[in-house]
Amino acid sequence: MAARPIAPRPLSPHLTIWKWQVHAIVSILHRITGNALALGAVLLFLWWLVAAASGPEAYQTFTGVASGGFGKLIAFGISWLFFQHLCSGIRHLVMDTGQGFGLGISRGTALATLVVSISLTILLWVTIFFYKGL
Amino acid sequence: MGAGTELGRVRGLGAAKDGVHHWWLQRVTAIGNVVLLLWFVFSLVRLPSLDYSSVLLWLRQPVAAVPMLLLIVSVFWHFRLGVQVMIEDYVHGSTRVIAMLALNFYVLAGAAVALFAVMKIALGAA
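Chains as they are written, first to last, in the numbering used here: chain G, 1 to 134; chain C, 1 to 126.
One or more hints might be untrue.
Unchecked claim - Capping the alpha-carbon separation at 30 angstroms, the derived lysine-lysine pairs in DSS-like fashion look like this:
id, chain 1, residue 1, chain 2, residue 2
1, G, Lys72, G, Lys132
2, G, Lys72, C, Lys120
3, C, Lys120, G, Lys132
Keep in mind that the hints were calculated from the coordinates and are not lab data.
Could you put the whole structure together from the sequences, leaning on the hints where they help?
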């Protein structure tokens with residue numbers, strides 16, 4: 001059988017063409033925040049635990065970095081990653097039960113995850129600031 | 001349930017031979033993470049300080065050490081499943097096998113180190 005020339009198939013327009021909407025942003029943020037926590041924040045968590053288990057000097061090295069300006073920026077970032085992944089994760093758990101798929105409600109809950117995660121991040125750091133003094 | 005043979009539907013395991021096991025465990029560990037990580041954040045904020053002696057005094061208590069051990073298992077298990085999904089979506093061919101092996105080594109080694117560190121503190125060896 002002679003090989004038929006393969007005509008270029010029409011491709012469905014993919015990510016490059018659709019308008020970004022809040023549902024899509026929250027969906028991809030769930031993946032980005034989850035993987036950033038797994039491959040980034042987990043390493044810092046390990047450093048903290050191992051430093052605490054190793055002794056005062058090792059712990060001093062950790063707090064020296066963590067309490068600096070860059071360390072605080074990273075901690076602030078991780079706290080938002082966590083709250084965003086938490087909120088969109090809870091949204092996913094609810095949607096797993098078949099609820100919240102309507103156009104209006106799914107848009108509203110997607111937006112809510114952003115509002116709540118940013119609010120919780122600010123609340124956390126305001127609490128730390130007032131009770132501990134940064 | 002979709003198409004498939006009668007026997008396949010009875011067994012309910014699908015092509016990957018483990019059915020919804022991966023999906024289900026990701027939800028179970030997600031709920032574990034919600035409880036344990038909120039406890040973790042609350043606990044850290046409520047500590048008088050995050051210096052060496054405060055953290056050690058805290059982690060030496062069984063009421064802190066036991067949830068920490070559970071947290072490590074739940075979190076590492078959860079992200080092991082989640083990162084696998086990302087690898088399956090974006091990494092193909094033999095690179096995928098390498099990525100999955102690297103993920104498994106990272107998860108097991110990391111969890112072992114974390115569990116050991118908590119137990120060392122909790123059992124008074126640090």
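Hints versus structure:
no. : hint                  : result
1   : Lys72(G) x Lys132(G)  : holds, 14 angstroms
2   : Lys72(G) x Lys120(C)  : holds, 28 angstroms
3   : Lys120(C) x Lys132(G) : holds, 28 angstroms
In terms of the numbered hints stated before, the structure departs from none.
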